[in-house]
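*Asks:* Can you build the whole structure from these sequences, using the hints too?
Here is what each chain is made of, one letter per residue.
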Amino acid sequence: MSAASNPFAPSLHELNKERITRRGRIITGLLALCLAVPVVLLLAVIFVEAMPVISLELIWGNATDKGRGGGLWGPLIGTFYLVITSVLIVSPLGVGAAIYLNEYAREGTATRIIGLAVTSLAGVPSIVHALFGLGAFVLFAGMGASVQAAACTIAVMNLPVVIAASREALGAVPRSFREACWNLGASRWQTIRTVVLPNAWSGILTGVILAVSRAAGEAAPILFTGAVFFKHVPDSGLARLLPYALDDTFMAMAMHLLVISTQVSNMPPERPFAAAFVLVALVLLINAAAIRMRMKLRNNRKW
Amino acid sequence: MSSSAGKRLGERAIEAFITFSGWSSILCMLAIFVFVLREALPVVPKIDFVELFTSTRWIPAPAKGNPAHYGALGLITGTLTTTLLGMALAVPAGLGAAVYVAEFASARARETLKVLIELLAAIPSIVWGFIGLMVIGPVVARVTGAPLGTNLLTGGLILGLMSVPVIASIAEDALRAVPDTYREAALALGASPWELVTRVLFPAAKKGLLAACLLGLGRAVGETMAVLLATGHANQIPTSLVDPVRTLTAAIAAELGEAPKGSDHYRALFVLGALLLLLTVAINVTADIFVRGIRTDGAKRAR
Amino acid sequence: MSAHLELENLAVRYGSHVALSGVSFSVPKNSITAIVGPANSGKTTLLRCINRTIDFVSDASATGDLRVNGESVFGLRDVLSLRRRVGMVFPLPVGLPMSVYDNVAYAPRLRGIKRKAELDALVERCLRQAVLWDEVKDRLDLLGTRLSGGQQQRLTLARALSLEPEILCLDEFSIAIDPVTTMRIEEVLAQLKGHMTIVLVTNLVQQARRMADQVVFLNASRLIEHGVTAQMFERPQSALAAQYLCGAIG
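Chains as they are written, first to last, in our numbering: chain B, 320 to 622; chain L, 15 to 317; chain H, 1226 to 1475.
Heads up, none of these hints are tricks.
With a straight-line Cα cutoff of 30 angstroms, these simulated DSS-like cross-link-like pairs (lysine-lysine) come out:
id, chain 1, residue 1, chain 2, residue 2
1, L, K220, B, K336
2, B, K621, H, K1362
3, B, K385, B, K550
4, L, K221, B, K336
5, B, K550, L, K275
6, L, K128, B, K336
7, B, K621, L, K128
8, B, K615, L, K128
9, H, K1418, H, K1362
10, B, K621, H, K1341
11, H, K1418, H, K1254
12, L, K60, L, K78
13, L, K275, B, K385
14, H, K1339, B, K621
Below, a sample of chain B positions facing chain L; criterion: calculated Cβ distance under 10 angstroms:
id, residue
15, P479
16, I482
17, R507
18, A594
19, I605
Residues of chain B clear of chain L, computed beta-carbon distances all greater than 10 angstroms:
id, residue
20, L375
21, L377
22, K550
23, L557
24, L560
25, L565
Derived by calculation from the structure, the hints in this document are not laboratory data.
All values reported here derive from a predicted model rather than from experimental measurement.
Beta carbons: idealized from backbone N, C-alpha and C, even for Gly.
*Replies:* What follows is the structure, encoded as C-alpha cells:
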C-alpha cells in the first residue's frame, strides 16, 4: 500500500519524530539504568568480598585484635541504642511540629519562617551538625562525649525528616473530616486525637523509620560527640545487652567502619567489607520496612 | 463542669507542647548558628580573610615560633572541583532518569525504579566513602594509571552517584506536577512524546527541575564522609583529574580530632564550618523558593 | 412564642470582602425557617455564625449580634458547648472514617457517655430518626466513608441528632443526594419540628415552600425580605423577592 492511498500512514516528518522519540526513550532509559545498575553492582561486590567472614559470629561476637577478627556486636548494639535514644527525642518534637504547622498555625510570616528553618536544617552538612553537637551538647550543656550528646545531635539532624513526613501524612487527611468534628463540638485537639492522628499514623511512622535509617548510618555527627573505636563489652551476661550508659561513650557501626577502613594497619580486606555489608544490609532493611509501610498505607486508606 | 475543666488543662498542656515543637526547628537553626559562631569567633580577628580565599597555605598549627596561615583555597577548590564533577554526572543522569520514570516507563518499571532510587538514597555516606576507597578507587587507578585511587575523579564519581537520587526524585515530582491538560493539549497538536518532554514539560517544570539540581548541589557540597575517604589527603589545587584533593568538609572531619579544644586550630575549623553553613543554607533556601510552587499538601491546610 | 434565635444587624467580612451586611430577623422556637437566595448571598456565612464555626475562617470578622435564647454567641467563652447545642448538616455528605456506630457515637463519647447500653440505645435512636437504621442495622461496623452519598448524608444527620440539639441547621443538604433520600429527610424534618428549631438554607425554592414556616430572602449579603411563607410566596413586597421566589431569577 503506497502512502498516497493510505491517508493514515505516517509521513516522513512523523517517522522522523518517532525515531527521535525512540532514541530519547532509550537514552533516558539508559540514564535511569545508571541509577539501578551501579547500586546493584556495588552492593554485590561488597557482599562477595565480605562473604568469607559472614557468619553468626560476625553479628554476635565481640571485635578482636582491633577489628581484624571477631564480630561486630559492640558497634551493633551501640548503634541500636544510639538510634533508639535519638528517635525517642526526635519523634515527639517532629510530630508535634508537624501538627502545629498543619493544624494550628495560621498561614503567614510565622509559618513561612518555620518552613524556611526546616529546609535550612535539612541542608546543613553533617560535619557542621558534628560541630554544633560538639559546641552545644558536649561542651555547653556539659553532657560530655556520650550517648545522649550524640543522640541529641542526630535528633537535630533528623528533625526535618520527621517533620516533612508527618506534615504530608497529616495533610493527606481531608479537611472535611475536621470540619465535621468541629461542628459536633469537638475541640481542635480532640479532633486531632480522634480522627486526624489515627489516620495519619502510617505516614508518620514512615518518617520515623526514615529517621531510624539515617541515625544508623551517619558517622560524622557521632565522631566527636561520643562514638569511640573501642570500648570493653563483656562477653556474656545481661551487661552484654546493655553495655553503654547514657552518659558514657559508645561504639557504633559507622564509626567502626570508618576506623577499620582507614586507620588500622594490616587489616584483612574482608573485615571492612563485612562491616560495610552489615551496615548497608541494616539500613536497607529499615528503608524497605518504610517502603512497605507506605504501600500498606496506600491500600488501607479508610476514605 | 469540673471534668471538662480538668480535661482542658491536660489539653492545654499538650497544645503548649505542640506550639513549642512548632518553633523548635527555628530554635535549632538559630542554635546551630550561635554555637558554631561562638566557637569560631575568637580566632576571626587573627585570620586574614584575603589569605583565606586566595592562598593554599593551610598551616593552622605551626611549629613553635612560626606564624599560622589560614589559606583555604586548596580546600575550597577541592570542594568546588569534586562538586562540579559530581554535578556534571548527576544532573544529566538524574534528569534523564526522572524523564524516563515520569514519562516513558511502564507502571511496573516505574515502581521498581522508584524503589531503587529510594534505596540508593538511603545508602549511608560512610559506605559510599568506603566504596570509593576500596572498590571504585582501585578501578580508577588501574584504568587511568594513576598512582592513587583516592583522587578527584573518584570523589567526583561518588558524589555524582550520591546526588543522582536526590535530583531524580525531586525532578520526577516536578514533572509529575505538570497538569495532564498540558500533555493532552500538546499531543492533540501532534507533538511526539519526545517533543512533549523537551518543548512542554521542561519549560513548565523548570522551577522544580532547577530546585532538584540545587538540592543535589547542596548535598554534594555538604558531603563529608564520602569525600573524606575517597578523595585522598592532599590539600592542593588539582592539576589533573586524578590528583588527590581535600574538601572543606573532609578537612574539618580529619583535623578536628587532633586540634586541642579551644586552640586557634580548633577555632579555625569552626570558621570553615561557619562558611560551609552559610553556603549550604543559601543553596537550600534558594531551592526552596523554587520548590514552593510544586508541592501541594493532600488537603488544604486546616487552620 | 419567644424567639429562639435573634439576629441584630449581623455583618460579616472576610478581610475586605463583605459577606453579610446588617442582617436582622428572628427565628421562633420549634419552627422551620428557610433561608433562600442566589449563590454568594451570605447564607452559609450566616449558618456558620450560629455555631461559631466562623471562628475557623482565618480572616473573618463580625459585628452586630446573634443571640440564642437571649444570650449572645459572640461573647461566649465556652464555644464548644454552643456547638453541641446546634446540629449542622453540610451540602456535601461526610462520613467520618470509622464505623457507622462510631460515627453516631462520636459526639456522645466526647461528652463522656461511655456505657455501652446507653450508647447502643442512642445510636439506634438517632439512626432511626435519620431514616438510616433499617439499611445499616446489621452492618453497624461498616466504614462511614463507604456508604453511598444519600446514606452518608443521613449519617451526618444522625450525628447531628446525637447531640440532641436545640437548633438544627442544614446547609443545602439535598444538592448532592438523590430525590428519594431528599424526600425522606424532608419528612424527618417535618417531624423534628415539634421539638427543635430548624434553620434550612436552600437553593430550591420549592423546598422552602413545602417545608418552611417563614422564609428569609438574602441577596448579595443583604436581607431583602423576610416573612411567613404564605405571604412571601403570594404577596412578596420586594420585586427582587418576587422574581427569585417564582424562579424568574436564580
